[in-house]
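Keeping their order, the protein sequence lines are chains A and B.
Position 156 of the first sequence, counted from 1, bears residue number 285 in my numbering, the numbering being contiguous throughout.
Position 156 of the second sequence, counted from 1, bears residue number 285 in my numbering, the numbering being contiguous throughout.
A couple of the hints might just be wrong.
A pair holds if it fits inside one copy or across any two, identical chains being indistinguishable in the list.
[As the list claims (entries may be wrong)] List of simulated lysine-lysine pairs, DSS-like, C-alpha gap at most 30 Å: (1) K186 x K158; (2) K176 x K186; (3) K158 x K176.
Quick caveat, the hints were computed from the structure, so don't treat them as lab data.
Protein chains: 2
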Amino acid sequence: MSTAHHRKKQPLFVRRQLLEVAARLASEKGMTAVTLDAVSGASGVSKGGLLHHFPSKNMLLEALFDSLIERLDAAIEEAMRADPLPHGRFTRGYLHACLSLRDQPQGTKDWAQVTMVLLSEPQLRQRWHDWVRERSEEYVGTDSSVDAAIVRLATDGIWLADLLGSQDMDESARHRLVERLIELTQL
Amino acid sequence: MSTAHHRKKQPLFVRRQLLEVAARLASEKGMTAVTLDAVSGASGVSKGGLLHHFPSKNMLLEALFDSLIERLDAAIEEAMRADPLPHGRFTRGYLHACLSLRDQPQGTKDWAQVTMVLLSEPQLRQRWHDWVRERSEEYVGTDSSVDAAIVRLATDGIWLADLLGSQDMDESARHRLVERLIELTQL
DNA sequence: CATAACATACCAATTAGACGGTTTCGTCAA
DNA sequence: TTGACGAAACCGTCTAATTGGTATGTTATG
Numbered sequence: 130m131s132t133a134h135h136r137k138k139q140p141l142f143v144r145r146q147l148l149e150v151a152a153r154l155a156s157e158k159g160m161t162a163v164t165l166d167a168v169s170g171a172s173g174v175s176k177g178g179l180l181h182h183f184p185s186k187n188m189l190l191e192a193l194f195d196s197l198i199e200r201l202d203a204a205i206e207e208a209m210r211a212d213p214l215p216h217g218r219f220t221r222g223y224l225h226a227c228l229s230l231r232d233q234p235q236g237t238k239d240w241a242q243v244t245m246v247l248l249s250e251p252q253l254r255q256r257w258h259d260w261v262r263e264r265s266e267e268y269v270g271t272d273s274s275v276d277a278a279i280v281r282l283a284t285d286g287i288w289l290a291d292l293l294g295s296q297d298m299d300e301s302a303r304h305r306l307v308e309r310l311i312e313l314t315q316l
Numbered sequence: 130m131s132t133a134h135h136r137k138k139q140p141l142f143v144r145r146q147l148l149e150v151a152a153r154l155a156s157e158k159g160m161t162a163v164t165l166d167a168v169s170g171a172s173g174v175s176k177g178g179l180l181h182h183f184p185s186k187n188m189l190l191e192a193l194f195d196s197l198i199e200r201l202d203a204a205i206e207e208a209m210r211a212d213p214l215p216h217g218r219f220t221r222g223y224l225h226a227c228l229s230l231r232d233q234p235q236g237t238k239d240w241a242q243v244t245m246v247l248l249s250e251p252q253l254r255q256r257w258h259d260w261v262r263e264r265s266e267e268y269v270g271t272d273s274s275v276d277a278a279i280v281r282l283a284t285d286g287i288w289l290a291d292l293l294g295s296q297d298m299d300e301s302a303r304h305r306l307v308e309r310l311i312e313l314t315q316l
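Can you build the whole structure from these sequences, using the hints too?
Set out below in C-alpha cells:
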C-alpha cells in the first residue's frame with residue numbers, strides 16, 4: 130500500500146544503512162536492543178528487506194563485525210605506510226589506527242562501543258582472536274618486544290576507556306601519553 | 130505440586146546461586162541468553178522466586194555488576210596492603226588484582242567475560258565510569274604519572290585479552306611482561 | 001522476461017513481568 | 001514452652017508484547 134518500495138533501488142546504500150543503524154542501536158542501547166524489528170524500523174526498511182540483505186540475525190552481526198575489521202585493517206595499513214622505521218611499525222600503526230578511528234564522525238560512529246558490544250557475543254570472539262593471532266604472527270620480527278606488547282595492550286586500554294565516553298583526559302595529557310607510547314615502541 | 134518449595138529456606142544462598150547462573154549464561158552465551166526463564170531454569174529456582182530476589186531483570190544485572198565491583202575492590206585493597214612503596218601503589222594493586230581475579234576458580238568464573246558483557250549494557254557503563262573516576266581522584270598523589278596511566282591501560286588490555294581465552298602467551302613471557310609493568314610504575 | 005530488490009502478512013516461540021497461592025521463619029505474648 | 005501471626009521466601013500459571021524467521025507478494029532493473 131505504501132509507496133515505500135516504489136523508490137529507487139539502491140542495494141549497496143540500503144545495506145550500508147542497515148549496518149549503520151544496527152551499530153547505532155548496539156552502542157546506544159546494547160545488544161538486547163538489536164532486534165530485526167528495531168533495525169528494520171529505524172532504517173525505514175521493511176523486515177523482509179532486511180532479511181533479504183542478511184538472511185539471519187547472525188549474518189547481520191557478522192557482517193557488521195567484518196566491516197569494523199575492514200576499517201581497522203585499512204587504518205593500520207595507512208598508518209604503517211607513513212612510518213619509515215621498521216622496528217615497532219605495526220604497533221605504532223595499531224596505536225594510530227585506534228586513535229584515528231575514535232574521532233571519525235563519518236560512517237559508523239562509536240566504533241569502540243560497537244566493537245565492544247560485538248565482542249560480548251561469544252560467537253564473534255573467536256574471529257577477533259584469529260585476527261589478533263594472524264597479526265602477531267605476521268609481525269613477529271619487528272613487534273615482539275615486551276614494550277611493544279605493552280603498548281598494544283595499552284592501546285586496547287585506551288580503546289576500552291573511550292567506549293565509556295569519559296572525557297577525563299585533556300588533550301595535552303593525551304598527547305604526552307601517546308608520545309610516551311611511541312617512545313616505548315622504539316626502545 | 131513439586132516439593133521444590135518445601136526445601137529449607139536459604140535466601141542468601143539462592144540469591145548467590147542466581148547471580149552465578151546469570152554470570153555463567155552471560156559469559157558462555159552472551160547477553161541475549163540471559164533471560165529470566167533461562168536463569169530461573171538453570172538455577173532450579175522458579176521464575177517467581179527469581180523475581181522475588183530481583184524485582185526486575187535490570188535489578189538482576191545491576192546486582193551482578195555490584196558483586197563484581199565488590200570483588201575487584203577487595204582484591205585491590207588486599208594487594209595494596211602488601212605493598213610498602215607508596216608511589217604507584219594503586220596502579221600495582223590494580224594490576225595484581227586483575228591478574229589474581231583471572232585464575233580464581235572459586236565463585237563467579239570467567240570474571241573478565243562477565244564484566245565485558247555487562248559493560249556492553251549502556252546502563253551499566255556509567256557506574257563503571259564513576260568507579261574509575263573515584264579511584265583516579267583518590268590516588269592522584271601517587272599514581273598520576275604517564276607511565277602509571279600506561280600500566281593501568283595495559284592492565285585493561287590484559288583483561289581484554291583474557292576474555293578471548295587466548296593462550297598465545299606462555300608463562301615466562303607473561304612474567305616478563307608483568308615485571309616490566311611493575312618497573313614502569315616505579316619510575 | 002528473469003532476476004534482484006524490496007514489501008506485507010503471517011507464525012510459533014519466547015519474552016518480561018504480574019499475580020495469587022503455599023510454605024517457612026522470626027517474634028512475642030500467654 | 002507454646003502457639004499465633006505477620007512477613008519473608010518461595011512456587012506455578014497467565015498474558016500481552018516481542019522475537020526471529022517464513023512465505024508470498026510487488027516493483028524496478030538489466
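Okay, the hints, checked on the actual structure:
For the homomeric pair K186 and K158, the shortest alpha-carbon distances inside one copy (17 Å) and between copies (15 Å) are both at most 30 Å. In this homomeric assembly, K176 and K186 come within 30 Å of each other (Cα to Cα) both inside a single copy, at 11 Å, and across copies, at 28 Å. With identical chains, the CA atoms of K158 and K176 are at most 30 Å apart both within one copy (20 Å) and between copies (25 Å).
Hint compliance for this structure: no hint is broken.
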